[in-house]
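**Q** Once you've looked at the hints, dock chain Z against the given chain D.
As a plain string of letters, each chain reads:
Protein chains: 2
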Amino acid sequence: MDKFEVKVFIRLRPSVLDPAGEAIKSASNKLGVQGIKSLRIGKMIEVKIEGNQEVDVQEKIDLLCDRLFANTVIEDYEYTIKKL
Amino acid sequence: MDKFEVKVFIRLRPSVLDPAGEAIKSASNKLGVQGIKSLRIGKMIEVKIEGNQEVDVQEKIDLLCDRLFANTVIEDYEYTIKKL
Numbered sequence: 000m001d002k003f004e005v006k007v008f009i010r011l012r013p014s015v016l017d018p019a020g021e022a023i024k025s026a027s028n029k030l031g032v033q034g035i036k037s038l039r040i041g042k043m044i045e046v047k048i049e050g051n052q053e054v055d056v057q058e059k060i061d062l063l064c065d066r067l068f069a070n071t072v073i074e075d076y077e078y079t080i081k082k083l
Numbered sequence: 000m001d002k003f004e005v006k007v008f009i010r011l012r013p014s015v016l017d018p019a020g021e022a023i024k025s026a027s028n029k030l031g032v033q034g035i036k037s038l039r040i041g042k043m044i045e046v047k048i049e050g051n052q053e054v055d056v057q058e059k060i061d062l063l064c065d066r067l068f069a070n071t072v073i074e075d076y077e078y079t080i081k082k083l
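As they're listed, the protein sequences go chains D and Z.
Its first residue numbered 0, the first sequence is counted upward by one per residue in numbering that gives the first Met the number 0.
Its first residue numbered 0, the second sequence is counted upward by one per residue in numbering that gives the first Met the number 0.
So here's chain D without its partners, still in its complex pose (with noise of 0.2 Å):
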């Protein structure tokens, strides 16, 4: 068995409001830095798993996004797998 270091990356849709985000845009305005034209809040997640071969692991990953990590409604999910 061999390790591998998977990080997930979720995103909303570009075509779904952030009102986090927006907030968060504000509010580093008031601090005083400028020049802000976008910012988006998403989610990381960082998975360590045993697996066989890479595409063996590549398949759970693909499920526990579309099950469990993401909401495919609204939200885009990448990821990046690493062999330790």
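You can take every hint at face value.
Pairs count within a copy or across copies, as identical chains cannot be separated in the list.
Think about it this way: if two alpha-carbon atoms lie no more than 20 Å apart in a straight line, the pair counts; the simulated SDA-like pairs of lysine to any residue are:
#  : residue 1 : residue 2
1  : K29       : C64
2  : K6        : E74
3  : K36       : P13
4  : K81       : M0
5  : K81       : D55
6  : K36       : L83
7  : K47       : Q57
8  : K36       : N51
9  : K24       : K47
10 : K82       : S37
11 : K24       : R12
12 : K42       : A22
13 : K6        : E21
14 : K42       : I23
15 : K36       : D61
16 : K47       : R66
17 : K47       : F8
18 : K82       : N51
19 : K42       : A19
20 : K6        : M43
21 : K24       : D65
22 : K2        : N28
23 : K29       : P18
24 : K29       : A69
25 : K81       : E45
26 : K47       : D65
27 : K42       : Y76
28 : K2        : R39
29 : K47       : L11
Calculated from the structure, these hints are not laboratory results.
**A** Positioned in the frame of chain D, the structure of chain Z alone reads:
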């Protein structure tokens, strides 16, 4: 003015418990995915920002991370800056 894309990654410090991550880990098991050794949830903030130079943007992002994005008592942050 140049435009930069910044990705900020915020993680709980290793010594800080992540109950939400533990819950997802055990839910993954119930979904039939075996072999997960650890699972931690973090945040990702994607910012598009204007600035004169990269070092200028870096200064702004450091300020935002310390004061607004992360709770540095329990969280670490890192970021990447890409010129668009």
